[in-house]
Amino acid sequence: MESILSNIDAKEPMLIAIYYVQIVMVFVFGIMFLFGIFMFIYSFKSPFRRRLAYITTILGPIGVLFVIHGPVLILNYVFDSPIAPDPELGLYIFEPNILSARISIYDALVRIVQPLLVAVFLIGIGVLHHASRIPNRKRIGYGVFLGVPLLWTLMQLGPSIINLLTS
Numbered sequence: 250m251e252s253i254l255s256n257i258d259a260k261e262p263m264l265i266a267i268y269y270v271q272i273v274m275v276f277v278f279g280i281m282f283l284f285g286i287f288m289f290i291y292s293f294k295s296p297f298r299r300r301l302a303y304i305t306t307i308l309g310p311i312g313v314l315f316v317i318h319g320p321v322l323i324l325n326y327v328f329d330s331p332i333a334p335d336p337e338l339g340l341y342i343f344e345p346n347i348l349s350a351r352i353s354i355y356d357a358l359v360r361i362v363q364p365l366l367v368a369v370f371l372i373g374i375g376v377l378h379h380a381s382r383i384p385n386r387k388r389i390g391y392g393v394f395l396g397v398p399l400l401w402t403l404m405q406l407g408p409s410i411i412n413l414l415t416s
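Under the numbering used here, the first residue of the sequence shown carries the number 250, and numbering increases by one thereafter.
Watch out, some of these pointers could steer you wrong.
[Stated by the list, open to error] Computed beta-carbon distance windows for the label pairs: (1) 308 to 395: 22 to 32 Å; (2) 384 to 322: 37 to 47 Å; (3) 412 to 307: 38 to 48 Å; (4) 371 to 318: 36 to 46 Å; (5) 317 to 404: 17 to 27 Å; (6) 362 to 298: 16 to 26 Å; (7) 374 to 262: 46 to 56 Å.
Keep in mind the hints are simulated off the structure, nothing from the lab. Backbone N, C-alpha and C fix where the C-beta goes; we use that ideal spot for every residue, glycine too.
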């Protein structure tokens with residue numbers, strides 16, 4: 250066991266920290282993008298809400314791209330030599346721990362969000378049912394009615410999306 254631990258480089262904990270930050274921030278910026286799209290539905294004629302919707306819709310994908318590719322660009326252009334793991338030992342020691350922590354964090358998030366999505370879906374159906382001649386309420390009801398299944402699908406595909414974007 251000591252022979253494996255003596256070969257661990259000091260740069261590897263930094264790479265693991267960057268990986269965890271990427272996992273969290275991809276989710277945050279994705280929610281920011283979806284929030285912006287729903288704000289366009291909810292904004293009506295309010296210029297403040299439209300501006301907020303526009304900013305969050307634009308900054309969400311830009312933030313995802315920066316979080317995913319920013320560390321690579323910084324490591325390649327700021328430092329003298331890129332930080333690369335040793336193919337023999339390197340980050341392969343930490344892979345099982347990263348995968349188990351990522352799965353447990355994501356499962357905890359899914360268990361919290363699923364009941365909230367069901368409650369929001371039922372509220373959206375209620376708003377849509379009571380919005381007989383009010384177009385703004387109909388717009389909100391349809392947005393929630395169509396947006397919650399989209400969020401549910403993204404939540405089910407979340408780990409494969411993160412693996413695709415970070416690989």
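Results for each hint:
1. Restraint check, residue 308 to residue 395: a C-beta distance of roughly 23 Å satisfies the suggested window 22 to 32 Å.
2. The beta-carbon spacing between residue 384 and residue 322, approximately 46 Å, falls within the hinted interval of 37 to 47 Å.
3. In this structure, residue 412 and residue 307 break the distance hint of 38 to 48 Å, their C-beta atoms being roughly 26 Å apart.
4. Between residue 371 and residue 318, the C-beta spacing of about 39 Å keeps the proposed range 36 to 46 Å intact.
5. Separated by about 19 Å at the C-beta atoms, residue 317 and residue 404 satisfy the suggested range of 17 to 27 Å.
6. In this structure the supplied range 16 to 26 Å holds for residue 362 paired with residue 298, their Cβ-Cβ distance being about 24 Å.
7. Checking the proposed 46 to 56 Å range against residue 374 and residue 262 shows it holds: the Cβ atoms sit about 48 Å from each other.
In the structure shown, a violation is registered for the earlier hint numbered 3 alone.
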